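Engineer: Each chain, written out:
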Amino acid sequence: MGVGILGAGPVTQAIHLPSLARLGDILTVRHIMDVDPAVAESVAARVGATHSTSIDALLGDPDVEIVAICSPHQFHAEQVIAACRAGKKAVLCEKPFAMNAEEAALISAVSAETGVPIIVGAMHTFDPGWLAASENWDDLPETAHTIRSSIVLPPNARFEDFATEIITRPAGGAPDYTDAEVIKGALRGGVMGLAIHDLPLIRRFTPDFKDVEVLEARHVRPFGYVISLRTPTRTIELRAAMNNTWKPEWSFEAFSDDAALRIDFTPSYVQAGSAVATFTRGSRTTVHGPFEHNGYEGEWRELAALAAGKQPPAAQTLIDDLTFALDIADATVANVESQHAVAEGAHA
Amino acid sequence: MSAAVTFQQYTVHAAPEAQEAGAVALAVASLPESFGPAASVNQADVQVISGQPGWTVRAAEAVATGARGVVVVNPAAENTDSLQAAAQQSGAAVVLDQRWASNPAVPGAEDAVRSMVGRAALLDTVATAQVGTDSGELFADHLAAVVRLAGPLANLRHLRRGPHGYTTTGVLANGAPVAIQGVVSNARPAALDFRLLTDDGGVSVTLPEPLAAWPATVKVTGPQGELLLPTIYESAHRATWRRLKEHLDAGSSSSDLHRFAALTESITALS
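Protein chains in written order, with the numbering used here: chain A, 1 to 348; chain B, 1001 to 1271.
It is worth saying that the hints were derived from the structure and are not from the lab.
On a predicted model such as this, the values are computed, not experimentally measured, just so you know.
All residues carry an ideal CB built from backbone N, CA and C; glycine is no exception.
Nothing false has been slipped in among the hints.
Part of the chain A face toward chain B, derived, beta carbon under 7 Å:
(1) 145
(2) 243
(3) 260
Where chain A lies over chain B, by a calculated footprint (3+ residues, C-beta under 8 Å):
(4) 1120 to 1128
(5) 1174 to 1187
(6) 1194 to 1204
Build out the structure end to end from the sequences listed, making use of the hints.
Structural biologist: As structure tokens, then:
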């Protein structure tokens, strides 16, 4: 089945192309589009694909049956809709697939109208370790009272360079941490760009997710967050630090009175196999994994199955995942604003 | 021909409620040359009391009746001023047997943490304990260990407290965020997890319950790799008794009460 990719930045180069290279028996990259013609040509040449700088060219390419949208966030919604209208067999959109609930609803409607299935690149939901956990967690999603997501990551470049040879990286900046707007932007980016990987997992354990509130949100330098959330029945703690360490740690945990699940994910970019899911129930511990592929490869396997006619996931799931993330991002920024107002008041 | 090593043995009496909580019989049996049972409370060199509220009064009474050493098991937050004065006057050593802060790995971990805390980016710590544990007691045990490892914390504030645990916020001296979480669940053995992150590494510490001689793990991570500090297969209880023995032999006083006073102040301010 032929694949076309919109956007040829580091994620395409270091994640999707290596994942697709492992799936040559079912998927072939046919077309790479990027607004930078040199990047499009170079990346396409790696896989013997056609290249272009135009979305229309890619969507009009009859060899492209599955479309992956890896462009900047603000273009996701219109490109997903265009891919559906172009009559493709399946669409993968990198997270977040929309920037607000209205866009999400529109995408859902177009998907239903055209019959083109869409999945969002929340790779952990496709990780065999997570899937194995879901088959063995009994009533834990209903009984859990405490949930944690903890992420410590080296700079992306460390793992990109283990995965491929990158051309063109976005330029880094030197943020002014004394500027409240910078902090708010960093925290919103942290929720929508990093926490969002695990928010669908957290939501699975949070039946009252629509009532989430932020108790406190803080920035971790140079990039990260400490966010404490609460719903009427759940305590949710989010931690993240992206720094210059070599040691990645990425875990999801859920606790009830009698059982706990911990999932240790492998870092993004590298083909380091799946997460490992560990259940503890008092003195009894059961471990699932590791399996030999990660969630990114899982996404592509799922896309191939959808394109071949498998029943797609409920659109409401994608909308709920997105609105959950947006609610947390908005409440995080509001919390920081109120902290700032209190601090300003104290100085006045 | 070798000369026998001689030890001074100190006699011990434990209050019934302290006996089990402090696993006193086991700890004393593991230091048989140093400690032995007393015929009666009045003849004991060392008295062991429970740390339930009012413990400072009971400890001061033990000192007044001639105890040379006092072990307090799981002390609750309480003003220690008068006890400190009484201990100083009599020359008695008062040591605190704390769930996690007394673990023998703590001094080594403290050195590692203190060498990095000035450039910390985040301190994230989680204590887990069995269902039925009082959240306030868990928090006191938790904070005692965290402050021992990292030093004083500023702006401490509970974000939430309840039967399933707590979340408490604070900052380190350099302004880095501190997140202190308690989780009440039977799913895992009770333990304390402490992670200090810097820009290029950090220190992670896992302290077990003193029910057995499970070793703590202390890992120091830096650009060159990760170092696991030597594992110590000794419970917090036994380590407390070894410290007491050293104070009794040397005639020195313990700094436990002084340190505990600062902890009590923090907890009182939070409440």
